[in-house]
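S.K.: Sequence:
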Amino acid sequence: MKQLIGEIYQTEGLSFSFFLFYDGLKSEQLQGFKQGGEAGLRLTPSSRFLQAELELNVLLSRLSFTEPVRYIYNPLEYAWETHRCYVERYCQSGQSILFLGMNPGPFGMAQTGVPFGEVRSVVDWLKITGEVGHPPNEHPKRQIRGLACTQSEVSGARFWGFFKKLCGEPEKFFKHCFVHNLCPLIFMSASGKNLTPPELPVGEREKLLALCDITLCKVVETLGVSMVIGVGRVAEQRARRALTAAGVSVRVESIMHPSPRNPKANKGWEGEARTRLTELGVISLLSMSNNMMKAHKENE
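In numbering that gives the first Met the number 0, the protein residues as written are 0 to 299.
In short, the hints are calculated from the structure, not lab data. Check each hint, because a few of them may be wrong.
Under the rule of at most 30 Å between Cα atoms (straight-line distance), these lysine-lysine pairs were calculated in the DSSO-like manner [claimed, not checked]:
id, residue 1, residue 2
1, Lys174, Lys217
2, Lys140, Lys217
3, Lys263, Lys163
Quick list of the computed label-pair ranges, beta carbon to beta carbon [to be verified]:
id, residue 1, residue 2, range
4, Ser92, Ala189, 40 to 46 Å
5, Gln142, Pro262, 25 to 31 Å
6, Asn261, Ser286, 36 to 42 Å
7, Pro67, Ser283, 21 to 27 Å
8, Ser283, Glu168, 15 to 21 Å
9, Thr65, Glu170, 43 to 49 Å
10, Val201, Arg119, 34 to 40 Å
If you're wondering where the values come from, they're calculated on a predicted model, not measured in any experiment. Here a beta-carbon is modelled for each residue, glycine too, at the ideal position from N, C-alpha and C.
Sequences are here, hints too, so could you generate the full structure?
M.R.: Encoded structure:
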């Protein structure tokens with residue numbers, strides 16, 4: 000049975016309610032959100048970010064979905080440990096750009112808890128660690144192997160591989176940028192086919208995305224980013240709609256999605272991404288970061 004856990008936190012004159020429907024999730028999900036001492040809520044970007052995601056989990060747990068949806072995975076539950084490692088390590092103040100995906104892929108975030116989370120990139124480059132559990136209702140053809148998953152997600156390999164080549168070290172990328180998915184859920188049909196949010200029944204899709212829109216606005220204001228870059232047109236359009244409706248003043252742009260289902264991406268996504276990010280000033284921002292670090296080392 001789902002247990003309703005409610006707490007009111009008081010920190011530095013701020014107060015807010017936190018409600019979490021808890022259904023067999025690990026108690027570590029609440030670490031850093033309990034009141035008092037060094038474990039008390041820290042008003043850092045990562046703490047606020049995780050808080051917004053946990054609140055979204057509450058609301059998403061109340062939704063129901065009909066055909067063609069048969070299976071729903073939420074890596075913010077069963078892969079919370081690795082997801083939290085990612086957020087606490089890389090979500091920080093001063094980041095001006097938010098890359099926004101739509102929702103997890105079956106061999107990316109669904110396995111690792113990290114957006115575009117192709118396993119090798121997550122383990123070898125981002126250095127994410129932690130245990131990954133299993134969703135309560137798991138499709139036999141789409142089992143969760145966590146960081147031991149051997150199947151590569153092409154989109155994630157392209158995305159993180161590009162920034163690895165560009166920046167060398169993840170700290171150089173995350174000094175200015177963060178990566179997030181609008182919706183944390185992955186949907187599958189009875190056959191195990193991946194269903195993206197646009198493929199859901201209209202009414203169910205709009206209820207889902209309306210909740211995700213609210214969280215996106217919270218996240219953008221929490222991070223204080225000046226630009227949201229949708230990875231793909233669908234993410235860009237949804238972000239623009241949500242942020243405009245909420246009156247959040249932020250620039251919204253897009254880059255091509257690196258999915259192998261996109262013929263143009265298969266012909267050279269990296270070149271397309273570099274050209275677009277140069278136009279948006281992102282390449283020069285990251286390059287400036289590299290040059291500044293080099294100059295700093297030379298002066299030491």
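S.K.: So which of the earlier hints does this model not fit?
M.R.: Numbers 2, 6, 7 - these are the hints that the structure violates, sorted from lowest upward.
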